[in-house]
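> So you can see what is in the structure, the chains are spelled out below.
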Amino acid sequence: MGDNGVAGAESIPQSKVVVYCGVCSLPPEYCEFGGTTKKCEEWLKKHHPSLHGELYSEAAIEANLSTLSLDAQKRAEKDAQKKAAKAATAEAKEVEKKAAAKVYIKRVERNKRKYVTAVAGLEEHGLELKKVAKDLGKKFATGSSVTKMAAGGEEITVQGDLTEGLLEYIVKTYKGVPEDNIECIDESKKKKAAAAAAAIAATEAGLQGR
Amino acid sequence: MFKKEIPPGTKSKVKSSVQRGIRSKAIETYPLLEPYMDEIMPKKEQLDMIKLPDRVTLYALSASPVVPLFWQHMDDPLIPHLRLVHRFPDCFHRIRIDRGAIRFVLSGAALMTPGATSPGGRLPEADGNGEEDYRYGTEELAPGTVVVVEAEGKENACMVGQLKVGTKEMKATKKGAAVEAGHYLGDGLWNLHLD
Ligand SMILES: [Zn+2]
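The listed protein sequences correspond, in order, to chains U and Y. Position in the first sequence (from 1) plus 8 gives the number in our numbering. Position in the second sequence (from 1) plus 275 gives the number in our numbering.
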């Protein structure tokens, strides 16, 4: 080595540790080019105040601007605004999705008079199913586990008919889950209702056909 | 190269003989890495190979968290992941782009020559551009050389890739694409979930 034209070969530093932004994952000096600049800055201020002081000092910002022509500055600013708008839309969508995400508490008849209660949809509200299953098992002193659903995805299955208790506990314990989003379903009743609805529909179809 | 998001690919263990081969290939391509090779790729640690789209293979240390090291397109040279570049910035050939070019590179555009030949850019110069501790080398780089792309006013590199044209030609023409299909900050490879 040393003869390949790369300067500084004699004094190579050890493995350098670079801080990466907790919001956009880039080195913080590049946050300004993403769409989450504001959040990035807040994160840096909280987690690496001295680096924040360096990167966001007035002098640093001025130095950044002075290297660009006025025209280029305007274009860069427009670009940044577009990116920020895009990021904001994506975030709003995410919030909307969360707000709309339903949680179902289902009473399912296993054998005659033996029930399990299934809770589906909690993961959409940022909860870890395994942990919640464990909590529920402890709280209600019963068997509780994460099970795969036939339609794909996972739900929590708790032994016993606990619809009411679970509803109350979930609302109280997991503040991120709005009560309005929780729907309680009685599987056996649902089946009967569905059968009844189908029968009505069939009759109506029959009437129209005449 | 990685403009699109990359789905997590299949991971497989690399045999120790192959691991030795990659190690020596890395040293051959980047001689300045040699003193750090035990730190970069400890002999006792497992190296994983992850298949990515478009016949790219990523080599990563099977640690927690996973440490990405090099990627390779078919039989092209091993190219360091930017996280490795950030750890050993002085071990690679490098050039610099001006501030105005950064946002184009970060949005996945090819690196255009004017970004490196403008006053804010840097290329290897025989006289070291008159700067003390000139960090961009004194010898021209041939087409195909893997270069780390730094940026004006920034400490860490933002891109790494192969030169499409030599630096001498870049200075002569001052136009055209200089690095295409590289790996840049925030691209699919950077954002790839490895754990
Ligand atoms: Zn950031």
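Any given hint could turn out to be false.
[Said to hold, decoys possible] Keeping only pairs whose Cα atoms sit at most 25 Å apart, straight-line, the calculated DSS-like set for lysine-lysine is:
{"id": "1", "chain 1": "Y", "residue 1": "LYS429", "chain 2": "U", "residue 2": "LYS86"}
{"id": "2", "chain 1": "Y", "residue 1": "LYS429", "chain 2": "U", "residue 2": "LYS24"}
{"id": "3", "chain 1": "U", "residue 1": "LYS86", "chain 2": "Y", "residue 2": "LYS279"}
{"id": "4", "chain 1": "U", "residue 1": "LYS101", "chain 2": "Y", "residue 2": "LYS279"}
[Unchecked claim] From chain U, some residues computed to sit far from chain Y (all C-beta separations above 12 Å):
{"id": "5", "residue": "PRO35"}
{"id": "6", "residue": "GLU37"}
{"id": "7", "residue": "LYS46"}
{"id": "8", "residue": "LYS91"}
{"id": "9", "residue": "GLY184"}
Since the hints were made in silico from the structure, they are not lab data. Ideal Cβ placement from N, Cα and C applies to all residues, glycine included.
> Please confirm whether PRO35 (chain U) is truly not at the interface, meaning its C-beta sits more than 12 Å away from all C-beta atoms of chain Y.
The claim is violated: PRO35 (chain U) sits with its nearest Cβ about 4 Å from chain Y, within 12 Å.
> Does GLY184 (chain U) really sit off the interface, with its C-beta more than 12 Å from all C-beta atoms of chain Y?
holds (23 Å)
> Please check whether the beta-carbon of LYS91 (chain U) is more than 12 Å away from every beta-carbon in chain Y.
violated (9 Å)
> Hinted pair, alpha-carbon criterion (25 Å max): LYS86 (chain U), LYS279 (chain Y). Please report holds or violated.
holds (24 Å)
> Mind checking the alpha carbons of LYS101 (chain U) and LYS279 (chain Y) for me, to see if they're no more than 25 Å apart?
holds (21 Å)
> With d taken as the least Cβ-Cβ distance between LYS46 (chain U) and chain Y, does d exceed 12 Å?
Non-interface label on LYS46 (chain U) holds, nearest chain Y Cβ at 17 Å vs cutoff 12 Å.
> CA of LYS429 (chain Y) to CA of LYS24 (chain U), is that 25 Å or under?
holds (15 Å)
> Does the no-contact call for GLU37 (chain U) survive, Cβ to all of chain Y over 12 Å?
Violated, since 5 Å does not exceed 12 Å.
> Are the Cα atoms of LYS429 (chain Y) and LYS86 (chain U) separated by 25 Å or less?
holds (22 Å)
Violated hints, listed in ascending order, are 5, 6 and 8; each of the other numbered hints is respected by the structure.
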